[in-house]
Amino acid sequence: MSLSPDEVRRIAHLARLSVADDEVAANANDLSNILDLVDRMNAVDTSGVTPMAHPQNATQRLRPDVVTEPDQRERYQRLAPAVERGLYLVPRVVE
Amino acid sequence: MQWETVIGLEIHAQLATNSKIFSGASTRFGNEPNRQACPVDLGLPGVLPVLNEGAVAMAVRLGLGIGADIAGRSVFARKNYFYPDLPKGYQISQYEIPVVGTGQLEIALDDGTVKTIGVTRAHLEEDAGKSLHEDFHGMTGIDLNRAGTPLLEIVSEPDMRSPAEAVAYAKKIRTLVRYLGICDGNMQEGSLRVDANVSIRPAGSQEFGTRAEIKNVNSFRFLEKALNFEIERQREILEDGGTVQQETRLYDANADETRSMRTKEEANDYRYFPDPDLLPLEVDQAFIESVRVELPELPDEKRDRFISEYGLPVYDANVLTASRELADYYEATVAAAGGAPKVGANWVMSELGGVLNAQGLDISDSPVSAQALGGLIQRIQDQTISGKIAKQVFEAMVAGEGDADGVIEAKGLKQITDTGEIERMIDEVVDANPGQVEQYRAGKDKVLGWFVGQVMKASRGKANPEQVNQLLRQKLDA
Amino acid sequence: MISGRTGPTNDGSNPVMHDRTIAELARALADGEVSSVELTRGFLDRIEARNPDSNSFITITREQALAEAEVADAGRAAGRAGALTGVPIAHKDIFCTDGVRTSCGSRMLDNFEAPYDATVVRNMREAGLVMLGKTNMDEFAMGSSNETSYYGPVNNPWDPRRVPGGSSGGSAAAVAARLAPGATGTDTGGSIRQPAAMCGLTGLKPTYGRVSRFGMVAFASSLDQGGPLARTAEDCALMLGAMAGFDPNDSTSIDRPVDDYAGALDGVSLQGLKVGLPKEYFGEGMSEGVRGVVDGVAERLRELGAEPVEISLAHTDLSVPAYYVVAPAEASSNLSRFDGVRYGYRCEEAKNILDLYERSRGEGFGAEVKRRIMVGTYALSAGYFDAYYLKAQKIRQLISEDFRKAFEQVDVILGPTSPTTAFPIGERSDDPVAMYMSDVYTIAVNLAGLPALSMPAGFADGLPVGVQLIGNHFDEGRLLGVAHQYQQATDHHRQVPAGVND
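Residue numbers (the working numbering), protein chains in the order written: chain A, 174 to 268; chain B, 1063 to 1540; chain C, 96 to 597.
Calculated directly from the structure, the hints in this document are not laboratory data.
Heads up, the beta-carbon is just placed ideally off N, CA and C, and yes, glycines get one too.
Treat the hints with care, since some could be wrong.
Unchecked claim - Residues from chain B that face chain A, not an exhaustive set, calculated with beta carbons under 10 Å:
{"hint": "1", "residue": "PHE1091"}
{"hint": "2", "residue": "VAL1102"}
{"hint": "3", "residue": "GLY1203"}
{"hint": "4", "residue": "PHE1270"}
{"hint": "5", "residue": "ALA1397"}
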């Protein structure tokens, strides 16, 4: 499996990662090598095998519908790079 | 060419839980920004989701309400995309296996027919936060209070053939979720959000046309308008030989039009996969039964009971069961009146309905209690007052002047049933109008009505009209 | 490079405090030989003096540690002391600590102070353990050498030119350098066991769900599991007892009582113990030095009464390929929350929201993290999901079935932990695939959710070699017991890197 520079750019965009132009080729090479490793999976026929999403055969536990979290906005927003009037600020999002 | 419209709706109902679907933060509406956003809702590192039992129970309620299969095992997936109001960069949503499977719902159409609309599925997911674009010197503000509020997305089959049917279905869903107590149905606040998939096809065709998805419709009226606009838009395109684009369109209520949303580039690559932080949800028979025993009487059951128990016409029964609160009010009124269900229905629908409409009030805010209205109806039934005077009494009750008996007493509105007094008034009227007496005796029966009116006027409406009628005949025919 | 033995000295006197095991320190505290404040101050002084040699710690929490030690001493004086009260340890910087930076080895979280404790941190504090600081690690636990850390590589105390392994490299180096008697780690594909092996330590990756993941920054949620790194199996048993337990805040936590791991150690017998030797683990790829040590352990266990049985784990060679789909796929989604909006690194002067995302993430994440995010994004993207993600999940099933069948025949499985001893810093950092192969023996265990332990088993060219014991689900007690019995009969775990006791 060999990834083209355009595919690297498409994936990087999908993942919201800036990749400098001079890094694209190296990334394409690394990712292609990793995908070659991954492609070894094709050595085995897995038709009829049930995919395993989770290491346990357990089911979801349910939480009682009770409010347990107090308001700690000031504390949480001390972590934030930009806040105004209780809102997290980001560059304008065009609708 | 004749075109047929095909509509399917996706309705997002915010579930009326106390806490969020995966965290213990409150879901209350209207708090200051981010005061109800805890570490799980904020997507802080290392924190984990735990599923709210209340949200599951509400989803099952809906499922039972539409006669749907409840999945014994359902799975939460991650829908991955970046948006500032989506803190984790993914939305947890049931994708391949939803908790509620196929069900159906009956809607009553204006021509009196009933149509069954299929529900494909209903699945649990978390709501996103809100972006505020105004007033932040060119920045957007993010409020995550809503992030993580449980949503039930109810997806219909493309079974509706007109905007009116779509509105009837959406209203029925709203009625149902409110009956079930799982959603307040408030469209303005966004508790109930309707997205419509609409396409048209040549009448008689079996294939579906290309559909557009319409978002941002926050009332039933706008839903109808948006669909009408969109159907017309598509018809014009097709009749001009063009093709409809499959896309998402926003309804702009001010312009009354739908507009193409600028397509987010990789909008369709959500990279769904099972959320490894959550295990498969198992809903067993015992859980389903525990929800079933708590189910209230559903709208259709209530409507049928109103018809059989109170002898109401189908129309009245439909109107009065449109909400649980209205139905409860009606039943309390009938109980207080000690019967007269049809009179009660008329009063609740027309007189009270008119007042609520005019004042923009909900039945729960009615200025006249069911007890008080029942008391008024009782006075009509026992002939203390006439139906006409009753309206006057009711107005006073609305104005807060007391209950029926109090108003009747204070205003001296008690009906005059004393034969002697009525005869005295008749004598005065007859004596004063010899010409009309002659006309009557010459065979002009219509004049009797005029005499009744005059006597009623003289009694200032308080005389019993039946008695007046009877005594007048006796007098004039003598 | 081995400077000698530790443990009770020949003349019966006790070794210096910093060279004692957790069990020994617990006894010293209980006997009043030392106070927690004295002990804690001693370790803090050592860390401050020696951390520049190994770069094991990202953050040293002197004041908080001394305060916790005072609480421990006061508790003991008041008659409230548990088995571990007052023993200082270190936490991998992946566990959130209320008010103390949790960087996860990344520029992205260089400024991040969690407003909560990880359940592991809380449990251990409640057991009376004192936190000395937060240890270095591969960025977001993605690495096998600790070279991807934003805070620089960690030097292996056995040879400072070599890596300590990873991703829990700082924890392993700290314990090997006697800067802490034990440390927490996390293991997604070998990140506790491989550094334990390379630093001459005992490290346990518990059964998935045994230790809460709440407050542990997620790498790959269905694989991640926290566990202890210490010198002996006994110490790991003591630490695991404090770490483990049901946590309602983690949906994948198992509601099952925690065994008395330490108390059960002596009850485990090697007599008749069926030890599986997977033929696939003894093929190509293992260095000769490592092979000699692993063979030696198998032989020694046989002498001690165990019964080696050859078994097959047929899909072993597919574990690395499947892992490098599952782990990056989950990681690509788990790391989406690092977007520069609510916390963490934000780029300067973003032109628009896309620029904010792409540069905050592009500048905040290092190369390996970005590589894995891209691999995972690709594997989940439209058109590739079935061929990669679903295929990997199916192979995961096959790998689990191999283990299920194996545990019908044997009690534990023995093999190498890492194909080589610690390699020189820089040797593999430009070759991701070569680096990934470092975890060839450890990864399958995570895919199957099994417990596994690495213990010191000897040396090759002066560098420690570890062997791995894999157990059935929730069989941590047996793994620890077998390792403990082995350690009663051997002294590999008592070796000390040169210079550490100078």
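Q: Enumerate the violated hints, using their earlier numbering and listing them in ascending order.
A: 1, 4 and 5
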